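Visitor: What follows is the residue order along each chain.
2 protein chains.
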Amino acid sequence: MKITLKDIARELEVSISTVSKALKNSEEISRDTKEKVQAFAKLYNYKPNNIAISLKNKRTKNIGVVIPDIVHHFFTTVIRGIEKYANARGYNVIVCLSEESFDKEVINMEMLANGSIDGFIMSLSSETQQKADYNHLKEVTEQGIPVVLFDRITNEIDCDKVIIDDELGAYMATKRLIDEGRKKIALITTDDYLSVSKARTMGYRKALIESGLGVDESRILKLSSMEMDEERIKDFFETQKVDAVLCVNEIFAVYSMRLAQEKGLKIPEDISFIGFTDGFLSKYAYPSLTVVAQHGEKMGEISAQMLIDKVEGEKEEEETFQTKTLEPTLVIRDSIFH
Amino acid sequence: MKITLKDIARELEVSISTVSKALKNSEEISRDTKEKVQAFAKLYNYKPNNIAISLKNKRTKNIGVVIPDIVHHFFTTVIRGIEKYANARGYNVIVCLSEESFDKEVINMEMLANGSIDGFIMSLSSETQQKADYNHLKEVTEQGIPVVLFDRITNEIDCDKVIIDDELGAYMATKRLIDEGRKKIALITTDDYLSVSKARTMGYRKALIESGLGVDESRILKLSSMEMDEERIKDFFETQKVDAVLCVNEIFAVYSMRLAQEKGLKIPEDISFIGFTDGFLSKYAYPSLTVVAQHGEKMGEISAQMLIDKVEGEKEEEETFQTKTLEPTLVIRDSIFH
DNA sequence: TATCAACACGAAACCGTTTTCGTTTCATAT
DNA sequence: ATATGAAACGAAAACGGTTTCGTGTTGATA
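Chains as they are written, first to last, in numbering that gives the first Met the number 0: chain Y, 0 to 337; chain S, 0 to 337.
It cannot be assumed that every hint is accurate.
[Stated by the list, open to error] Pairs of lysine to aspartate or glutamate, EDC-like flavour, derived with a Cα cap of 20 Å:
id : chain 1 : residue 1 : chain 2 : residue 2
1  : S       : K1        : Y       : E109
2  : S       : K41       : Y       : E138
3  : Y       : K41       : S       : E141
4  : S       : K41       : Y       : E126
5  : S       : K1        : Y       : E261
6  : Y       : K297      : S       : D68
7  : S       : K57       : Y       : D6
8  : Y       : K221      : Y       : E155
9  : Y       : K1        : S       : D68
10 : Y       : K197      : Y       : E126
11 : S       : K83       : Y       : D6
12 : Y       : K1        : S       : E311
13 : Y       : K1        : S       : E138
14 : Y       : K83       : S       : D102
15 : S       : K55       : Y       : D6
16 : Y       : K83       : S       : E229
17 : Y       : K137      : Y       : E126
18 : Y       : K282      : S       : E229
19 : S       : K265      : Y       : E261
20 : Y       : K240      : Y       : E268
21 : Y       : K46       : S       : D102
22 : Y       : K46       : S       : E141
23 : Y       : K282      : S       : E230
24 : S       : K83       : Y       : D68
[What the hints assert, rightly or not] Per the computed footprint, the stretches of chain Y lying under chain S, defined by three or more beta-carbons under 8 Å from a beta-carbon of chain S, are:
id : segment
25 : 112-123
26 : 231-245
27 : 254-266
28 : 281-295
Because the hints were derived from the structure by calculation, they are not lab data.
Small disclaimer: the values here were computed from a predicted structure and weren't measured.
Yeah, the Cβ is synthetic: ideal placement off N, Cα and C, and Gly gets one too.
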C-alpha cells in the first residue's frame, strides 16, 4: 500500500538513486527519466517516509512541549500559539503532561530526548520548582538539545526564556484597586516556590508599599497548589473583612466572587475582584472578571519561534540565550469600577 | 555527546551486533562481555535512538490526535485522557489542530500519515462535517493506518468510534426540565451538520413530543458555529419568553444565564438552564450550571485504548470495527431546582 | 582421534532515504 | 585515431539500530 523509492526503482528498472534524484528534479537526470519517475510517483501517490528522512538528517521536525496541565486555559492558549507557529514552519508538536509531577516531567523528557524531537518548549511542574532539581534539564541542554522555558522558569538553566512581567501585572492590578479607593486589598496566591506566584506577590506588595497603605500579612492567603481549596478560601473570607481581592488565577477569583455574592456583597460596589488569565471563566463570569491577561498565545508563538530559530540556526561558537518579557495587560470588566 | 552502538563497539573492540545483544541481555553473549558493555553504556548514558528503532520496526510509538480546537474544555479533557493512557503504554501524543478547517485537517493528516505516527485519534472539524468530504480519512485507512473517531464522527468511514449518547443526554436534560414543570423550553444549538448538535436536537424533540408538550420551532435557536454569537442570543431572548433553556455547550448556557440575570430574572426560580460539558465554566458560574457531562477524559482513554490495541494487534483477515457509546450523566447544580 | 554440540561472537542484510563518487557512453576537438 | 568532457546513471556509504545466519573455538563424547 505504501510505496517506497525501491518499489519505484524496481518497476521502472532504474536505480534507487536515480529515482531519488528524479523526484528532486535533479539536473543530473534526463528529462525523459524524470518525467517517467515523477508520473509514476504521482500515480501511486508516493510520499517520502518521514522517519527515514529524520534518521538521515538527524532532524525530526517535531518539537516537544512539556507542560504541567492542559485543562487550564492559559496552557491551552500557549499550546495553540505553539502549534500554529510550528505548523506554519513544518513542525509537529508532541505534547506531554507532567501533571505537576517531577517524576513525570523527567520521564517525559527522557522519552522525547532520544531522537524524537529537535527541541523542547516547557513550563516547569510545581513539584520541580519546589524541589528545585533541574538535572533533567541540564542533561538535555548538555546534549545540545535546545530548550525554551516559558512562564514557569528557573534561572538555574541557561536557555531561552519567555515570560510575562508577573510582578508588573500584579502591580498594575493592585495599583488600579488602590486608585479606586480600596484600602483593604487581599491576595489569594499559592506557595512561593512557584516562580509566577512569587513575582505576583512581589508586585502586590510593591504597589501597597508605594501607596503608603502597607502590607497586612493576614490579608495574604497562600494555598498549597493551583487547585481549588474551597474550605480555606471560605475560612479566609469568614475571618477577613476586605474591600478588594487580587487572585493569581481566574478560578480563585471567580470562586471568591461567588462566596462574596452568597454573603450578600455587591460587586463591585462592596468589593472588587481582579484575577490572572483572560479565559472563558473571566469573560462569562457574573459579573465579568477584570483580569491581568497573560497573552498565552503570543507566548506560545514566541517560544516556538525562538526554539525553531535555534534548532535551524547554525551552531554558533558562543551560545547566546535571551529572555523575552511580555507586558501584561489589564482587561477591565465589571468586577471593578470603570 | 550522544553515544551510539557504534561508539561503544569501537571503544570496547567488539562488533555492533555484540553490543546490541549485550544490552538486551541476550543469552548469546557471555557474562563478561555483557557486564563490560552494560557498564560502559551506563557510564556514558547510552540511550537507543528512537528514530532508528522506528525505522527498523516500522512503528513509531506516536499517535496523532487531530481535533478542531484545544481551548474548549471538552477537547482538553479528551487529550488528557488520551495522553495518560497512551503514555502509560509507552506512546507519545502528537497534537494537531484543525481549527474547524477542512484544509488544515487534511494537511495535518498528510503530514503525520507519512510515517510519523502509528494511528490517528480524531474529531472532525465542523467544516469537514459540513462538506461531508472524508477522502482524507479514506486514504489513511486504506493505507492501513488505524483511525479512531470520537465525538464528531461520520458513518462514511469504517473505523472504531467513541461517542456519548448525545440524543440521550439531551433527552435526559429536557425530561428533567419538563418534570420540573417547565413548559416553554428553548434550545440553543448549532447547525445540524455537526453530528453532535443534530443528535442533541433530536433528544430535545423526543422528550418534548413524548411529554405531549410538542415542539415549538421558534424556540430553537441555531447558531452557525460553536463560537458565541452574542447578538443573536440577545435577539432571541428579546423575542422569546421561555422558562427553561437547554444549550449544546456551556458557553452558550453561561452567557444566556447572564442575559437572563441582567433582565432581572431569577435562576432557577423564573428560568432554568442546562448546558453540555462539565467544565470550569459550569462549576464556577453563578449560579452553578447543571450540565450533561460528556466524560471527555474517559472518552480519551477509551479512544487511546482502542487505537493502541488495533495498532499492536495482529492484522486479522477480517477487520472488525466497533463503536463505543458512553452514557452521559446529568450533573445537577443550582441552575435548576433540586 | 574424529565428531559434534554448545558457546561466543561477527558479518551482513535490512528499514527508506540522501548524497558522494564513480562509471559508462557518446560526441567533439585535436 | 586519440584525448577530453559532458551527460546520465548506478554503487555504495551513511543515518542507528535489530536480527538472522554464519563461523571459529572449545570441550565432551564415541
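Visitor: Could you check the structure against the hints above and give me the numbers of any it violates, in ascending order?
Guide: Of the numbered hints, 4, 5, 8, 9, 11, 16, 26 do not hold.
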